[in-house]
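Whole structure, please, built from the sequences with the hints as guidance.
The numbering of the sequence shown is the numbering used here, which starts it at 467 and goes up by one.
Treat the hints with caution; some may be incorrect.
As the list claims (entries may be wrong) - No farther apart than 25 Å at their CA atoms in a straight line, the calculated lysine to any residue pairs in the SDA-like style are these:
#	residue 1	residue 2
1	Lys1291	Gly1328
2	Lys1349	Leu1034
3	Lys1326	Arg1117
4	Lys1172	Phe1114
5	Lys980	Lys1282
6	Lys1164	Asp1205
7	Lys543	Glu1004
8	Lys1257	Arg1117
9	Lys696	Gln663
10	Lys1343	Gly581
11	Lys1326	Phe1114
12	Lys1282	Asp1331
13	Lys537	Ala982
14	Lys1183	Lys1164
15	Lys698	Ile1015
What the hints assert, rightly or not - Quick list of simulated restraints, FRET-style, between CB atoms:
#	residue 1	residue 2	range
16	Leu889	Gly1266	52 to 58 Å
17	Gly1221	Thr1287	53 to 59 Å
18	Glu937	Glu1376	52 to 58 Å
19	Phe743	Thr924	19 to 25 Å
20	Phe743	Met1346	22 to 28 Å
21	His714	Glu937	36 to 42 Å
22	Glu1231	Asp902	37 to 43 Å
23	Glu481	Arg867	26 to 32 Å
To be clear, the hints were calculated from the coordinates, so they are not data collected in a lab.
Backbone N, C-alpha and C fix where the C-beta goes; we use that ideal spot for every residue, glycine too.
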Amino acid sequence: MDKGSLGSAVRDLPEKYRQFYLETAQFIPSKRMFADPIRTLAYGVDASLYRITPKIVVKVRTAEEVTKILKICDRLKIAVTFRAAGTSLSGQALSGSVLLVLAGGWSRYSICDNGETITLEPGIIGAQANQYLKSYSRKIGPDPASINHAMIGGIAANNASGMCCGTADNSYKTIAHMNLIFADGSELDTADRDSCQRFTDTHPHLIGELQRIHDEINSDTELSELIAHKFKIKNTTGYSLNAFVDYHSPIDILKHLMIGSEGTLGFITSVTYHTVFEHPYKASALIMFPDLKQACIAVMRLDRPLVAAAELLDRTSLRSVEGNAGMPDYLKELDEQATALLIETRALDQATLKENIQAIIQDLAGIPVLFPIEFTDVKAEYELLWKIRAGIFPAVGGIRRQGTSVIIEDVAFPKEHLAEAVLALRECMNRYGYEDGVIYGHALDGNVHFVFTQNFDTTDDSRRYQDFINEVCRMVVERFDGSLKAEHGTGRNMAPFVELEWGQRAYNYMKQLKEAFDPDNLLNPDVVITQNPAVYLENLKYMPPVHEIVDKCMECGFCEVNCPSRNLTSSPRQRIVIQREIARLQESGEDYDRQRQLEHDYAYFGEETCAADGLCETTCPLAINTGSFTKYLRSTKVTARGRNIALFMARNFSGVTSLAKLGLAGAHLAHVAMGTCMIGGLAGKARSVTRKVPKWSKWLPKAGSKPQASFVPDKGKQKLVYFPSCVSRTMGPAKDDNDQRPLHQVMMALFAKAGYEVILPPDMEKLCCGMPFESKGYFEAADEMSSQLEKALLACSNNGEYPVVCDTSPCVYRMKRVMKTSPLKILETVEFIHDHLLNRVEVVKVPDTVAVHVTCSSIKMGLTDKFRVIAEACASKVIMPEKVKCCGFAGDKGFYVPELNESALEHLKETLPPECNCGYSNSRTCEIGLADHSGISYQSIAYLVDRCSLEKK
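In structure tokens, the structure reads:
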């Protein structure tokens, strides 16, 4: 993105937005505020069915920044919306005005009262909060299916609940205190008596309105009873009017009104929760019933505390996940009417758990089931079942027809009406042509989600959707006295129907609340309260086909937590959003200039800054690898000349690596002769002239050396093949690395201690797995290299008889992928050490604090736990920074796009304690970036194991 296009984008803004941009630019750096077409488009979606492009996006990092911005918005009368993770489903995180995105900060927390309470800033992911509480056997109450991705700010602002918390442990019931900022920029700390008094003194009208509404509601017996009744089941439709029934102090009322207010009343800068106990013993069962009715009847016999959760899964939802690892094979053979309940029970001890299981089986006696009820208390097994359940919505979306939008609605019925209500919902869906729609959800709470696909190509399509939604709303409210939104928030999706559910009196109080908190309607307008009855039909997403790799994407945002470029340029979701808009413009031909601008800007915003590590695949419910899509895009730009150069390099690979070694040797000599400061300054000046000059760092390695077999073959020893990757052969240690031996020497020492006879492939300097070529889109050259390597390894491993150990994780990942039909047994360093070496050597733990970075490829190969086991066997304290995912070095990106590496490792240094002076990983290039941004030496985990191991006597 060049400065010219940025300046043009700001000039094209309406006058008051230009003024906002100029004033905000006085304290927000330009890299955190933008108005250009590609980035505003990228932030114009959340996980809902809507797309609204903001005029300006600001990434905010502190409460002070939010306060200043809200004061500017208040003065200029500019609407503003807050966004945390953007995983909300009702369109409440979108804005056509100013969008404030939590990015980079908001991650402080504190635990008090032996874990009884936890204070969290809004940028902390829900699962992280639970990780902080794990040692106390506590957790936060809310447990939405998106807890691994949703942030605390959104969880509280939407009163998100989930599978187990019901209405007893949601945010409303477990909130202790809040820090808040209001539309006028004023602040309130509800835990601080002085802050509460100041706020009361400076906001007499708001406090007076809260007291008046409280008094009027409590003097109206019919209305107060209605409110109490409606909140006995899950309900996030409108504002939390139960605050006026449950509390009497204006500050307490205000605090609980903020829960579920969806950013329309103020901004939450921190929350303090009362935590809940995490039971140590759990068991789950996936129970199959012949049809939907029998499953619902079963739920109606179950209740808490015996059952912690009971999830309803109809046949279509089961079909969407039946191919997932860990799911029973029989799912594929089920009848079309079959329906499942996923049930969990919890206990303090094993004996009680067994009693619970028997009690549940007894409660369900007489209800027909397709298979005998079997519970599992094996942690890995039941966690897998619940992980699959958490991904149902996006997975269902993945089986949609191309070009259609996926719509999810979220209702709750009194449990005594569940069977009748769910069957009525199914009948209504079928009658309107949504036979392929899905019904699933938190049946123990009477809360069901229904998902269906819809296109909006014609007036008839839109009318069918509109008529269906109106009929469902009337059915839920008038026939079954249910909630139109149980846990997903009102958003703009259900805002026009709030009055239908609550009636005129209650709805008028909600409008009065909005007026009291936000008299100019600047905070998230058209969400919760709207004057536009058609708002739920406007700004609907269009999802044209782009490529088969990404076409199933639901834009849920679950990928973003792992993306190294998410705070620099774009996330996988955003890359797909932009490509869809480019495809739409290509299809329609409506705005060629915009299309060309997006294509031009995407080169850096989407392609150049994509690490293509594929870590996004690990948290995507549909296993979409946006990195593979990026490689595909790169391959489409390969010219005939580029193809020929790549093939020439592949066929003359030993010469290529020799030149690379020569360059590294020269850089090292210059570093030694001129010193770090001088060579760094010269390199920096050269790079400022052209980005073609790679970034220099004092952690740039010396040239590598050729491995040599160090001992004579011994028939009595177990054989293995050692293949040092081209990276480890080319790159040796850096000048300041703790251990100056080349990696292959360390590996050979380990093999010797463990009593292995080592075979080195002949002509090794010619061999490579092809990864450097694949990452740049040169697929033909990559496959040619991997084919050559496979033949060489088969020959020296006696056709796969001996295992093959490779010392670089990304290379092993590619080798395993492209050689999966080969008889080769390929092992990564960590895998080999954990499975085949630790039991053959004596390990002496050193009293050190060490950092460990698990590479993307190791994560994808499932080696994280093995990494931890190895490190903890060798060192007294192991640090695995939770905020660091992919390091962003990505082959040579760290040299030529160093800002990607810098952004990905922004929080690395702050997570390492002062006594930590060494780090370990298993990819040489990753280790360069990790060392550069931590200030400590990072080397292969093999160095640590060699240091701590002795040959067994």
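Each hint, compared with the structure:
Restraint check for Lys1291 and Gly1328: the C-alpha separation of about 16 Å stays at or below 25 Å, so the hint holds. Pair hint Lys1349 plus Leu1034 holds up; C-alpha atoms about 15 Å apart against a cutoff of 25 Å. For the proposed pair Lys1326 and Arg1117, the alpha carbon gap of about 30 Å is over 25 Å, so the pair is violated. Only pairs whose Cα atoms come within 25 Å are accepted, and Lys1172 paired with Phe1114 is accepted, the gap being roughly 22 Å.
Under the criterion of a C-alpha separation no larger than 25 Å, the hint pairing Lys980 with Lys1282 is inconsistent with the structure, at around 58 Å. Among the hinted pairs, Lys1164 with Asp1205 is consistent with the structure: their alpha-carbon atoms are about 15 Å apart, no more than 25 Å. Proposed proximity of Lys543 and Glu1004 is supported: the alpha carbons are some 24 Å apart, at most 25 Å. With a C-alpha separation of about 15 Å, the suggested pair Lys1257 and Arg1117 falls inside the 25 Å cut-off, and the hint holds.
Straight-line distance between C-alpha atoms of Lys696 and Gln663 comes to about 33 Å, which puts the hinted pair past the 25 Å bound. Restraint check for Lys1343 and Gly581: the C-alpha separation of about 23 Å stays at or below 25 Å, so the hint holds. Between Lys1326 and Phe1114, the direct Cα distance comes to roughly 31 Å. Violation of the 25 Å bound is thereby established for this hinted pair. Only pairs whose Cα atoms come within 25 Å are accepted, and Lys1282 paired with Asp1331 is accepted, the gap being roughly 19 Å.
Only pairs whose Cα atoms come within 25 Å are accepted, and Lys537 paired with Ala982 is accepted, the gap being roughly 17 Å. Note on Lys1183 and Lys1164: the hinted pairing is violated, with a Cα-Cα distance of about 41 Å set against a maximum of 25 Å. Pair hint Lys698 plus Ile1015 does not hold up; C-alpha atoms about 44 Å apart against a cutoff of 25 Å. Here the CB-CB span from Leu889 to Gly1266 is close to 56 Å, well matched to the stated 52 to 58 Å.
Checked against the given bound of 53 to 59 Å, the beta carbons of Gly1221 and Thr1287, roughly 31 Å apart, lie outside it. Judged by the Cβ atoms, the range 52 to 58 Å given for Glu937 and Glu1376 holds: they are separated by roughly 54 Å. Between Phe743 and Thr924 the beta carbon distance is about 54 Å. The supplied range of 19 to 25 Å is therefore violated. Checking the proposed 22 to 28 Å range against Phe743 and Met1346 shows it holds: the Cβ atoms sit about 27 Å from each other.
Checked against the hint of 36 to 42 Å, the pair His714 and Glu937 passes, with Cβ atoms roughly 40 Å apart. The beta-carbon spacing between Glu1231 and Asp902, approximately 57 Å, falls outside the hinted interval of 37 to 43 Å. A beta carbon spacing of about 44 Å between Glu481 and Arg867 contradicts the range 26 to 32 Å that was offered as a hint.
Of the hints listed earlier, those the structure fails to meet are numbers 3, 5, 9, 11, 14, 15, 17, 19, 22 and 23, in rising order.
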